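Sequences listed follow chains F and V, in order. Here the first sequence is numbered in our numbering, starting from 1 and rising by one per residue. Here the second sequence is numbered in our numbering, starting from 340 and rising by one per residue.
Keep in mind the hints are simulated off the structure, nothing from the lab. Certain hints may be false.
As the list claims (entries may be wrong) - SDA-like cross-link-like pairs, simulated, lysine to any residue; straight-line CA separation at most 20 Å: (1) V/363 / F/54; (2) F/14 / V/521; (3) F/256 / F/206; (4) V/481 / V/498; (5) V/481 / F/201; (6) V/360 / V/346.
What the hints assert, rightly or not - Quick list of the computed label-pair ranges, beta carbon to beta carbon: (7) V/396 / F/4: 36 to 46 Å; (8) V/403 / F/237: 29 to 39 Å; (9) F/59 / V/396: 22 to 32 Å; (10) V/353 / F/15: 32 to 42 Å; (11) F/244 / V/402: 52 to 62 Å; (12) V/355 / F/2: 52 to 62 Å; (13) V/425 / F/154: 25 to 35 Å; (14) F/208 / V/353: 56 to 66 Å; (15) V/353 / F/149: 42 to 52 Å; (16) F/240 / V/402: 51 to 61 Å; (17) F/145 / V/425: 17 to 27 Å; (18) V/399 / F/268: 49 to 59 Å; (19) V/425 / F/54: 50 to 60 Å; (20) F/145 / V/356: 50 to 60 Å.
Please read all numbers here as calculations on a predicted model, not as lab measurements. We treat Cβ as the ideally placed atom computed from N, Cα and C, and that holds for glycine.
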Amino acid sequence: MDEQLQEDLVALAKGELEPARQAELEALAESDAAVREELEQIRGTLRAVQRIGVVEPSAEFRVTLEKRIRDSVAHKERSGRMQRPGSTAMRLPGVVSPGARESASRIDAQSVSESARAARPGSLSVRLAERRETGSPFAWLRYVALAAAMVLVTLTLSHFLAFPAVAPEHPSATEVAMKRWVERKDAPRWDRVLRGDTLELVEVPDGTELVLMPHLKTDAREECLVAYTPDQIEALRSNPALNAQQLEAALARSFKATVEGGTVALPPLLRARHLGDSGAPVVVLRCPGRFELWSEPVLRRYLRDEPRMEAVPAPAADLPETPPGVPSTGKAPAEDDRA
Amino acid sequence: MKSDPELMSEFAQGEESAFDKLVKRHQVGLLNFFFRLVWDQTLAEDLTQEVFLRLYMHREEYEPRAKFTTYLYRIGRNCWIDYLRRTKSERKVRSLDAQDENGHSLAEAVAARAEDPRSTVGKDELTGAVVEAIDALPEEHKLVFILSEVQGLKYQEISETLNIPVGTVKSRMFHAVKRLREHLGRSMKGATGPWQEAADESS
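Only chain V is shown next, with the shape it has when bound in the complex (with noise of 0.2 Å):
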């Protein structure tokens, strides 16, 4: 299997299948990456079709000096930073449980994509307040968060997707692991601690 630099160069020679193969291989990615900062699937694959769109029409500024993941996600966050600027006088905080047209919560939107089919109620309560909990986190802490915990990445490839010192992330994760502590404990606080039970059943 051919590796993303390699791909990329055939892409820049104008090979477009080269395209199609980055694009199979690294969508699924950057949906959920959006996906966890928006939490609504049509924006989170519209940002993702901005990144890919931006890849395509800047192909020749690709350099294999970094890892391509690392380029790439650093599209992402400028496009992430673009949309919040675009977006600064009409985006408000929603609730989870504002419900949209069909009559459902956030809560419930993000639940129902959740891995497990046989969720319960209280697993749908957990689900609710992690999503919560990475809603509330400051911008800088929940990319991040998002980076490390649900793309993988490790440290050094954050600092140089955000161009951050790699202490920075590790404060920042810090932080956002804190917060996100404070605040699963709190939602779940009276709940016969079901975030904690449930932790303690997928380990």
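The shape of chain F in the complex, shown without the other chains (with noise of 0.2 Å):
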């Protein structure tokens, strides 16, 4: 049975359709029976689920709540109170504030008396207290180097923040790493971390026979699976600047793998070979007309130790996105497919 029609059933089954198609298939229903069968199924589905009996909160719920809700408002409190600007909080050693430092001018500048002044004029105190009073010249500068140790700080911690993949066992080095992929305008999109066997596909109609094959353009080929549907590989034949005859033989040695069920398989055999035991995690990037699974280690190194991948141009408009881990070779991106 038609897919669109099976989740218009669903949809009806649920009261989601619009009067005019709710009736299109009412009357479909009645004339058809497997449609009448099928519809029958989604309401049998629905109301097992309704079988799970409704959960009431325990007695400790409100009290539990209460609490909480005390607890929280009493730390927001106590957090407001601690970031009230002059507390004892905001002093912070070595920091002395505007205010503060006028005053202690004013004094020290006061402190020299006019009699001094006059029987020392040229002495080193009154010059000092005369430049308190009129401000040194070069004042500005404190302020240059401040904002400019600022910064040193800032670009320093920023460096070390933004690539910890220099100490690969940190936990979020993946995380960072897709971050400044995805960031990229040029880049596949990132689209989940698989830690199964199974690839979740559910846009690809069941029934539909994919075609994986190592990647054929990377360093990294034996650590990379590309998924094509028919009629992606379609494409690739018809493309006149692809090999043909390599292209053939790559497909000759690809593996073929079925959606069901929105998922696929992944060949035990094959997986283990490319991208590591089943445990191991693999990065699924969606990419125009096909999806890559790479072994996040090897992603990882590619976004971290590949220099040429920050040398990879933004494609012109008409042409797709370029591959990841390949090199700026100013080919036509169709090219990056051939073997």
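Two chains, each in its own frame: build the complex with the hints.
What follows is the structure, encoded as structure tokens:
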């Protein structure tokens, strides 16, 4: 049965269809036994779910909620007090408020009496007192130096925070690498991290036979798989820029996997050979015309170590996105799929 | 009876009793939403309290443009995502047969909460299969399914709650029902079709 029809039958069972479509499907169910059976199956499934009873809150629910609210409010109030300007927490060692500086200067200047100035007009104390009164002509240098120091500290910190991959065991290295990847406008879209042997592809119709083959144009071809739908394979075959002989040779060595229930079970041997054992994380990239499965450590290594990755230029508007790991060759991206 | 937005408005102006009314009105729905995600009442209560706590602490941020339920379940979804992130490393697949400290399995615990106290063995088996089937759904399908089937939210409301197009809601709902059918069919195979009988019985 057509998937669109099945989707509409679920919506019909849920009362979510527009009146016209609802009437149409109800008439169809009257006349077509298969549709009627399908609708009954859907309704039966929904009824079965209703067998799970309603859970009522326990007696402690409200008491615990009120306590949590009280604790949170108290915590917020404490935090608010700590952050008030002028509070003890805000008086950091080594920081002098502008008001305090002015008043200190005023006292110092006043402490050098008028008579002392008259008696020793060129003395150091008089000159310092005069400078405090008038202000140093190079006072702004202090602010420049302070700003430069802050910029330096910020840059140093951001360097270490933005490139945590220098420590491969850092737990968030993958996330940071993914973020950097996604921020690149020409990058394929990161989709998810897969940890089992099953790839979810709910948008690909059931029964579709996917072609799985190693990535053809990366140094890590043994650790990256590409999944094509038959339509995409046909598109590759009809692409005159591709070497047809090499493409067919690669296809002959490829594996097939069928989409069932919105998922694809990766052949265990293929996964073990190219992507590590079933527990090893695999990054799924959604690319124009295909999905790419990368061994997570390999992708991370590419993002961290591969200098060419940073040099990949933004593609022209009429060209598809550049596949990952492809050096900036200037060739049409379609060629990158060539063996 | 005052509407949810009216109560929120009063609460934002300092009327604490309005918050109590909102809790009373929505606690069972939220609790059951989380219960079907975690199958653990204590944890479900904890997550429900977290939603109300966030509602309390951010009362000024509510704008009555969207339906209150949508707003509430959006907080619920965020709490659920936070929970998943927090427990990513420690979560593991729970077996229906795994027993708790009292020697009860998850399937038994859920069946014991069923509305009908006259639960038969066959019905418990079906309930267990339903729990297992819902648990096996991918998270995004599960959220859509529970919001629709358990909370009774319309596709449009689910779309606003999860911030996804209505078409995606429809598609996910279809895939969820399809997977549930397949799972129930497999689980109850050879048991002389009690899930089908049970379905007929409750119709």
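CB-CB spacing for residue 4 of chain F and residue 396 of chain V relative to the 36 to 46 Å hint: Holds - the Cβ-Cβ distance for residue 396 of chain V and residue 4 of chain F, about 45 Å, lies within 36 to 46 Å.
Residue 240 of chain F paired with residue 402 of chain V, Cβ distance criterion 51 to 61 Å: 56 Å, holds
Satisfaction of the hinted span 50 to 60 Å by the C-beta atoms belonging to residue 145 of chain F and residue 356 of chain V: 58 Å, holds
Outcome of range test on Cβ distance (residue 353 of chain V, residue 15 of chain F; 32 to 42 Å): Since residue 353 of chain V and residue 15 of chain F have Cβ atoms about 40 Å apart, the given range 32 to 42 Å holds.
Whether the CB-CB distance between residue 425 of chain V and residue 54 of chain F falls inside 50 to 60 Å: Given a distance of about 27 Å, which is not inside 50 to 60 Å, the answer is violated.
Pairwise hint evaluation, residue 201 of chain F against residue 481 of chain V, where the allowed Cα distance is 20 Å at most: Since the Cα atoms of residue 481 of chain V and residue 201 of chain F sit roughly 16 Å apart, the hinted pair holds (cutoff 20 Å).
Hint consistency between residue 481 of chain V and residue 498 of chain V [alpha-carbon to alpha-carbon, up to 20 Å]: 14 Å, holds
Holds or violated: residue 256 of chain F to residue 206 of chain F, with C-alpha atoms at most 20 Å apart: 14 Å, holds
Range agreement (Cβ of residue 237 of chain F with Cβ of residue 403 of chain V, hint 29 to 39 Å): Violated - the Cβ-Cβ distance for residue 403 of chain V and residue 237 of chain F, about 57 Å, lies outside 29 to 39 Å.
Verdict for residue 353 of chain V, residue 149 of chain F (Cβ pair) under range 42 to 52 Å: Between residue 353 of chain V and residue 149 of chain F, where Cβ atoms are some 47 Å apart, the hint holds.
Satisfaction of hint between residue 521 of chain V and residue 14 of chain F, Cα-Cα up to 20 Å: With Cα atoms ~19 Å apart, residue 14 of chain F and residue 521 of chain V stay inside 20 Å; holds.
Supplied distance hint 22 to 32 Å, evaluated on CB atoms of residue 59 of chain F and residue 396 of chain V: At roughly 25 Å between Cβ atoms, residue 396 of chain V and residue 59 of chain F fall inside 22 to 32 Å, so the hint holds.
The structure fails to meet hints 8, 17, 19 from the earlier list, while all remaining hints are met.
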